[in-house]
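Given chain A, put chains B, C and D in place with the hints provided.
As given, the protein sequences belong to chains A, B, C and D, one line each in that order. So that you can map any letter, position 75 of the first sequence is 74 in numbering that gives the first Met the number 0, and since no number is skipped, the others follow by simple counting. So that you can map any letter, position 379 of the second sequence is 378 in numbering that gives the first Met the number 0, and since no number is skipped, the others follow by simple counting. So that you can map any letter, position 214 of the third sequence is 213 in numbering that gives the first Met the number 0, and since no number is skipped, the others follow by simple counting. So that you can map any letter, position 23 of the fourth sequence is 22 in numbering that gives the first Met the number 0, and since no number is skipped, the others follow by simple counting.
Heads up, some of the hints might be wrong.
Here's a subset of chain B near chain A, in silico, CB distances under 8 Å, partners left out [stated by the list, open to error]: (1) 44; (2) 85; (3) 90; (4) 160; (5) 170; (6) 174; (7) 178; (8) 212; (9) 213; (10) 216; (11) 217; (12) 218; (13) 222.
Not everything, but these chain C residues come out facing chain B in the computed CB check (under 7 Å) [what the hints assert, rightly or not]: (14) 81; (15) 110; (16) 140; (17) 222; (18) 223; (19) 225; (20) 298; (21) 299; (22) 301; (23) 303.
Under the rule of at most 27 Å between Cα atoms (straight-line distance), these lysine-lysine pairs were calculated in the DSS-like manner [what the hints assert, rightly or not]: (24) A:80 / A:70; (25) A:22 / B:198; (26) B:306 / B:198; (27) D:90 / D:53; (28) D:53 / B:238; (29) B:198 / B:301; (30) D:14 / D:53; (31) D:148 / B:323; (32) C:70 / C:38; (33) C:312 / A:9; (34) D:14 / D:90; (35) A:9 / C:38; (36) D:148 / D:53; (37) B:233 / D:53; (38) A:22 / C:38; (39) B:323 / D:90; (40) B:323 / B:198.
Hints in this document: simulated from the structure, not taken from any laboratory. Ideal placement from N, C-alpha and C gives every residue a C-beta, glycine not left out.
These are the residues of each chain, in order.
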Amino acid sequence: MPQVGQGILKGMGVTIRHLFQNKITRQYPEYKRDLPERSRGMLTVDMDRCIACLQCMRICPDHCISIEQEKRDADGSGKAKPYAVGFVIDDSRCMYCSLCVEVCPVNCIYHTEEFEAQAYNRLELARQFGERPVDPTIDPKPTVKKKPKAAKQAPKKEATA
Amino acid sequence: MLSEERRVEQQSALTEPAAARLAAPDVRDEFGLETIDMSMGPQHPAMHGLLRLILELDGETVVRCDPVMGYLHRCQEKIAENRMYPAVIPLTDRLDYFANMHNEHGYVLAVEDLLDVEVPPRAEYIRVLMSELMRLASHIPSIGFLMLELGAFTPILYAFRERERIQTIFEAVTGARMMFHYIRIGGVKADLPPDIPQKIWDYIEGLESRFQNDFVDLIQGNEIFISRTRGVGKMTQEKAVEMGLTGPPLRCTGVDFDLRRDYPYSIYPELEFDVITDTAGDVEASYRIRIAECLQSIRLIKQCLEKMPEGAVMGDLGRRLRPKEGDGFGRVESPRGEFAVHIVSDGSDTPYRVHYRDPSFCNMQLLQEVVPGHYLPDIMPIMGLIDPVSGGWDK
Amino acid sequence: MQTVLNLLEAEPIRLFVSFGAVLFLVLNLAAILTMAERKASAYIHLRYGPNRVGPRGLLQPAADVVKLFTKENVMPGRSDMWVFLGAPIAMFIPAALVWMVIPFSPDAVVANLNVGILFFVAITSIGALGVVMAGYGSRSTFSLLGALRGAAQIISYEVPLILSLLGVIMLTGSLSLVEVVNAQGSTFWTWYFLPQLPMFLTFYIAGLAEVKRVPFDLPEGESEIVGGFMVEYSGMTWALIQAAEFASMGLMSAINVTLFLGGWQPPLPFLDFGPFNWVWFGLKTALIMFTFQWIRWSLPRLRMDQLMDLGWKVLVPMTLVWLFVTAGAMLVIPGN
Amino acid sequence: MAVTLPEGNLEDRLKGYLDGFGNRHGLLESEIVRGSVRIVVAPGDVQAVLATAKEALGIVHLSFITVVDRVGSFEITYELMDLRGGRVTLKTTIEGEEPVIGTATGIYPTANWHEREAYDMFGVAFAGHPDLRRLYMWQDHFDHHPLLKSFEITTRRTFEGLR
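The shape of chain A in the complex, shown without the other chains (with noise of 0.2 Å):
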């Protein structure tokens, strides 16, 4: 019987003894944590350095990289290259994966240190890039698979998942 009670009581000296100690919120807006170096933010694109090599587009798991591309002598070399005139980063859709990041050869797609968009229509989170904006709403041409065995006869099902 003189056990009865004494876990409770301790318990209840655990949280009196919290009340007395140090608040450790952080009052955010007014109070900014140091990012670390590696922090995954909002993505940014150099566009000078950007050969339109589409390989951030490939690679990308939410597809939402969309690149215009044309040939077009932009350094004056006299020969025709790959150059992005439109170059779309639709935020809505990032999940800051990094992989275009990652297999970007001239490192021009970056992360920042901004975390906060918002917006109050979706498609103003779609940031333009290059010189003539590109309609985020139409998709990107998905990565083609080669199916050995494919054999599509049945009709087309719509997505819902």
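Same frame as chain A, now just chains B, C and D:
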């Protein structure tokens, strides 16, 4: 695709017992009293994620419990069929969002099983280090959730304070707080930052005493906690094995099974740790197991930090992954049990079929079996025993 | 000036004015206690709590009231409208009414009934009616279960609550709360919580159960029945239920103080503040209310069967035994 | 009461499993690859082989059931574990667009939800299953089985109505 007539035929023929039960008239006892039907969830505030339980109550006693799932179903397996092998890893993060590292590890092990790639030892150590930190970050809040379900609000906030600190470490290492995308095919994304081992060490040193002060003292001897959990959700070893349980729900009945020891992967054979078992098989036992496993994780993290070799963290891979045809299996001990991945490859750069075996999904079958006969408030501690995660069972 | 005071002394006017004052106090108490609850919980959780409205967040209750007044009062379809809307009133009025007999200081008592304790017991029981009305009127399974639990719990815990009062009544020989306080004397060792310790603990626990606080908040039980009887309420009706809960919590603390902790009496004779002795009453009540909150943020919740076990198998026998002990002691020890 | 788990050398145990299956049933293929027994049987034999595994050989744990749509046929994989290092991969192939196979719930009760999931995602019917309802998808008004290869997903952007 089944034809319409065939589907109807199947459903009527194969689900006869279920249909008969559903069509049965309301049963009244000798006083002419009916049972109450109640739908708990999916927007129930205390439910773990999006789960709906169709309950039949006789007063406060549960007569029937029928879980309905699919409210968070994203068809991850179908999406994975259309992604290249490396691009599936960030999606596995979204499966069991309290054990992201384990999901990545399991998937990566399955791909490496197909590829026969050599993983550098330093990368293996970092993987285990991160997995064990993740286990801490999952077990501590799950203790808090159990207390939240019993009506005590305070432990969950102490638990999330600890999780927050672990997440800060993860952020410095991987760049993200929850969706890490850190463990890669053939190694890990990047080496640890130079100051991180010391930070982890400092954190772990402080954690042991905080663990005793904040959780064990607050919860362990509490009479109300004991009376609410002892004997609740009681199951036998046979039942647990039959229902295919793994992880703490299996170990709390006394079955000595841990994938880290019995199906060794990564560098676990080189490390020392104990597999914790308990014989009671109730909610309190699972709580004790989680507490003890946290201490084992601390032990493993210390060993990893001490033994960590130098060297590269990424194996040699081709630019485009095209594994050979066949089956690849990967299984890891996630905080909830056995997380297994089965990949069927057809030789192209996307998987032909990916199947996830999630511990939350399999352990949840227990609900149908164990809940009937308990009181309504006991459902929540039993959920705390299983500790399912919505992203896990719904894939 | 004197005429005004004399006018206030005149009987019907005094009653109305003092009743208005008490009602004002009760409504404010609800707001203050909401704030105190949030701050206490935040500090236990290592948070700051509300700290945006006013200095250190002290104007938060005002903002809450404005919000609650402007919110739409949503009524579930096919609910029983009069029962649904009457329930908060049926819960609030008893809680506010009993404050009438609480002696704040020797003179500051609205109605010095000679059956004050009986009045308290009778009126608090009506609160169960409000719970049942709320649960029945909402037409929801969760509410109904909450109401059934609430009714069972409140009625069961009336028994140990009343039994634990009997010891005090026997020692005092009076049912008047003013008499009870006067009998306790102005030294803290003569207060009744020492000779009547088991009764005090029983009264405290049963009081917790009566006002539906953790660990006895089964009628609300937010982890299984999501708020129980008040799950369908919103806006001002919800605010009224909350006010009733906090008023009855304050009331239970005040009764605790009056019966066992010496009411307005100072703990030691030289701390007697004369007409300002209500400060002692306020301090003691605040202390008891804080322990209520402290318990709430430390303990999990009991289950229905365990709750009944505690009430009928532990508290009732304990009070009965102590009743006989008290009676025997009164026979043996002369002069009491 | 207590569940006994197998002991002893893993290699010997795997060989024992292989022989145990081979002596009792007609196996289409059988081999030991990377620490696991891999056997292929005809769809009609699956229940018998699973019963052998559970009762005669003491392999207590059914890890998962994977169905693979091979366009025209379905490949079903049962992954069994003895909880002490031994793994058995049991494979079978059902021809046809409307596959039916015997249920494993009588032998391994945990197969209940795995089979419901397979039924939901592929339309594979498990004869004798006690409660074969859809697990994830809607019970009514949804006649598709999403993981079939004939079910195409279109990665259409979800901006309709916003423009």
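We went through each hint and held it up to the structure:
A least Cβ separation of about 23 Å between residue 44 of chain B and chain A goes past the 8 Å threshold, and the interface hint is therefore violated. Interface restraint check for residue 85 of chain B: the shortest CB-CB distance to chain A comes to about 7 Å, inside 8 Å, so the restraint holds. Interface restraint check: residue 90 of chain B against chain A, minimum CB-CB distance 6 Å, threshold 8 Å, status holds. Annotation: residue 160 of chain B was flagged as interfacial toward chain A, and the flag holds, the nearest CB pair being 6 Å apart, inside 8 Å.
Residue-level restraint check for residue 170 of chain B holds (minimum Cβ-Cβ distance to chain A is 6 Å; threshold 8 Å). Proximity of residue 174 of chain B to chain A holds as hinted, the smallest CB-CB distance being about 4 Å (cut-off 8 Å). Nearest Cβ of chain A to the Cβ of residue 178 of chain B: about 7 Å, under the 8 Å cut. The hint holds. Below 8 Å, beta-carbon pairs count as interface contacts, and residue 212 of chain B has one with chain A at about 7 Å; its hint therefore holds.
Proximity of residue 213 of chain B to chain A holds as hinted, the smallest CB-CB distance being about 7 Å (cut-off 8 Å). Contact between residue 216 of chain B and chain A, as hinted, is supported at the beta carbon level, the nearest pair being about 5 Å apart and thus within 8 Å. At about 4 Å, the closest approach between the beta carbon of residue 217 of chain B and any beta carbon in chain A falls short of 8 Å, and the interface hint on this residue holds. Hint status for residue 218 of chain B: holds, given a least beta-carbon distance of 7 Å to chain A, under 8 Å.
Taking 8 Å as the C-beta contact cut-off toward chain A, the hint placing residue 222 of chain B at the interface holds, the least distance being around 5 Å. A distance limit of 7 Å between C-beta atoms decides the matter here; for residue 81 of chain C the minimum to chain B is near 25 Å, and the interface restraint is violated. The beta carbon of residue 110 of chain C comes no nearer than 38 Å to any beta carbon in chain B, farther than 7 Å, and the hint placing it at the interface is violated. For residue 140 of chain C, the suggested interface contact is upheld, since its CB lies about 5 Å from the closest CB of chain B, less than 7 Å.
Hint status for residue 222 of chain C relative to chain B: holds, with the closest Cβ pair at about 4 Å, below 7 Å. Taken as an interface hint, residue 223 of chain C checks out: its beta carbon lies about 5 Å from the nearest beta carbon of chain B, inside 7 Å. Here the hint on residue 225 of chain C is kept, as its CB sits about 6 Å from the closest CB of chain B, short of 7 Å. A least Cβ separation of about 6 Å between residue 298 of chain C and chain B falls short of the 7 Å threshold, and the interface hint therefore holds.
Contact between residue 299 of chain C and chain B, as hinted, is supported at the beta carbon level, the nearest pair being about 4 Å apart and thus within 7 Å. A hinted interface residue such as residue 301 of chain C counts as satisfied when its beta carbon comes closer than 7 Å to some beta carbon of chain B; here the least separation is about 6 Å, so the hint holds. At a threshold of 7 Å, the smallest CB-CB gap from residue 303 of chain C to chain B is about 6 Å, leaving the interface hint in force. For the hint pairing residue 80 of chain A with residue 70 of chain A, the CA-to-CA distance comes to about 5 Å; that is within 27 Å, so the pair holds.
This hinted pair checks out: residue 22 of chain A and residue 198 of chain B have alpha carbons roughly 22 Å apart, not beyond 27 Å. Between residue 306 of chain B and residue 198 of chain B, the direct Cα distance comes to roughly 16 Å. Compliance with the 27 Å bound is thereby established for this hinted pair. The hinted pair formed by residue 90 of chain D and residue 53 of chain D meets the criterion: a straight-line CA distance of about 16 Å does not exceed 27 Å. Taking the CA atoms of residue 53 of chain D and residue 238 of chain B, the gap is about 14 Å. The hint holds against a cut of 27 Å.
Distance check on the hinted pair: residue 198 of chain B and residue 301 of chain B sit about 12 Å apart at the alpha-carbon level, within 27 Å; holds. Between residue 14 of chain D and residue 53 of chain D the CA atoms are separated by roughly 16 Å; this keeps the pair inside 27 Å, and the hint holds. Using a Cα cut-off of 27 Å, the hinted pair residue 148 of chain D and residue 323 of chain B holds, with the two alpha carbons roughly 21 Å apart. Of the pairs offered as hints, the one joining residue 70 of chain C and residue 38 of chain C holds, with about 24 Å between alpha carbons and a cut-off of 27 Å not exceeded.
Pair hint residue 312 of chain C plus residue 9 of chain A holds up; C-alpha atoms about 25 Å apart against a cutoff of 27 Å. Taking the CA atoms of residue 14 of chain D and residue 90 of chain D, the gap is near 18 Å; set against the 27 Å cutoff, the hint holds. Straight-line distance between C-alpha atoms of residue 9 of chain A and residue 38 of chain C comes to about 22 Å, which keeps the hinted pair within the 27 Å bound. The straight-line distance between the Cα atoms of residue 148 of chain D and residue 53 of chain D is roughly 33 Å, outside the 27 Å bound, and the hint therefore fails.
Only pairs whose Cα atoms come within 27 Å are accepted, and residue 233 of chain B paired with residue 53 of chain D is accepted, the gap being roughly 24 Å. About 12 Å separates the Cα atoms of residue 22 of chain A and residue 38 of chain C, which keeps this hinted pair within 27 Å; it holds. Our distance criterion of 27 Å between C-alpha atoms is met by residue 323 of chain B and residue 90 of chain D, whose separation comes to about 19 Å. Among the hinted pairs, residue 323 of chain B with residue 198 of chain B is inconsistent with the structure: their alpha-carbon atoms are about 41 Å apart, more than 27 Å.
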